[in-house]
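Asker: The whole structure should be built from the sequences, with the hints applied where relevant.
Numbering (my numbering), first residue to last: 22 to 83.
Since the hints were made in silico from the structure, they are not lab data. Treat the hints with caution; some may be incorrect.
[As the list claims (entries may be wrong)] Derived DSSO-like pairs (lysine-lysine); straight-line CA-CA distance at most 30 Å:
1. Lys74 / Lys28
2. Lys29 / Lys48
3. Lys50 / Lys74
4. Lys36 / Lys48
5. Lys65 / Lys50
6. Lys76 / Lys28
7. Lys61 / Lys76
8. Lys48 / Lys76
[Unchecked claim] Just the calculated beta-carbon pair ranges, DEER-fashion:
9. Glu47 / Glu23: 21 to 29 Å
10. Glu47 / Lys25: 31 to 39 Å
11. Glu42 / Lys70: 32 to 40 Å
12. Glu23 / Asp46: 32 to 40 Å
13. Leu83 / Leu41: 14 to 22 Å
14. Glu24 / Glu47: 31 to 39 Å
15. Glu24 / Lys48: 30 to 38 Å
16. Asn68 / Asn45: 13 to 21 Å
17. Glu23 / Leu44: 26 to 34 Å
18. Leu41 / Asp81: 15 to 23 Å
Bear in mind the structure is a predicted one, so any value in this text is a computation, not a measurement. Note that beta-carbon positions come from the ideal geometry of N, C-alpha and C, so glycine has one too.
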Amino acid sequence: MEEKNVKKISLRLYKVQTQLEALNDEKLKPIIKEIEAIDKDLLKENNVKFPIKMKQEILDFL
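Answerer: Structure representation (structure tokens):
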């Protein structure tokens with residue numbers, strides 16, 4: 022998969038993850054952890070580095 026597509030998907034996953042975290046519901050914690058794991062696997066399998074800090078900066082900009 023192209024790096025830009027991997028980063029797009031990763032950013033979308035991170036956005037969903039942060040929205041769920043904002044709800045502050047204990048029942049959502051397993052889902053949040055799973056989203057985080059999927060994101061990590063996606064980046065690792067495609068050998069792409071996309072730090073959380075960079076994702077946060079992009080979301081703040083948008």
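Asker: Does each hint hold? Answer for all of them.
Answerer: Here is how each hint holds up against the structure:
1. At roughly 13 Å between alpha-carbon atoms, lysine 74 and lysine 28 fall within 30 Å of each other, so this suggested pair holds.
2. A C-alpha spacing of about 27 Å is found between lysine 29 and lysine 48, which places the hinted pair at or below 30 Å, so the restraint holds.
3. Restraint check for lysine 50 and lysine 74: satisfied, since their Cα atoms lie roughly 21 Å apart, inside the 30 Å limit.
4. About 18 Å separates the Cα atoms of lysine 36 and lysine 48, which keeps this hinted pair within 30 Å; it holds.
5. For a cut-off of 30 Å, the pair hint linking lysine 65 to lysine 50 stands: about 22 Å separates their Cα positions.
6. For the hint pairing lysine 76 with lysine 28, the CA-to-CA distance comes to about 9 Å; that is within 30 Å, so the pair holds.
7. The suggested pairing of lysine 61 with lysine 76 holds, with an alpha-carbon distance near 13 Å, which does not exceed 30 Å.
8. With a CA separation close to 25 Å, the supplied pair lysine 48 and lysine 76 stays within the 30 Å bound.
9. Between glutamate 47 and glutamate 23 the C-beta distance comes to about 37 Å, which lies outside the given range of 21 to 29 Å.
10. Distance hint check: the CB atoms of glutamate 47 and lysine 25 are about 36 Å apart, consistent with the given range 31 to 39 Å.
11. At about 22 Å, the CB distance of glutamate 42 to lysine 70 disagrees with the hint of 32 to 40 Å.
12. A hinted range of 32 to 40 Å holds for the C-beta pair glutamate 23 and aspartate 46, which are about 35 Å apart.
13. Here the CB-CB span from leucine 83 to leucine 41 is close to 18 Å, well matched to the stated 14 to 22 Å.
14. In this structure the hint that glutamate 24 and glutamate 47 lie 31 to 39 Å apart at CB holds, the actual value being about 36 Å.
15. For glutamate 24 and lysine 48, the Cβ-Cβ distance of about 35 Å falls inside the hinted range of 30 to 38 Å, so the restraint holds.
16. One distance hint, 13 to 21 Å for the beta-carbon pair asparagine 68 and asparagine 45, is violated here, with the actual separation near 34 Å.
17. About 32 Å separates the C-beta atoms of glutamate 23 and leucine 44, a value consistent with the hinted range of 26 to 34 Å.
18. Separated by about 18 Å at the C-beta atoms, leucine 41 and aspartate 81 satisfy the suggested range of 15 to 23 Å.
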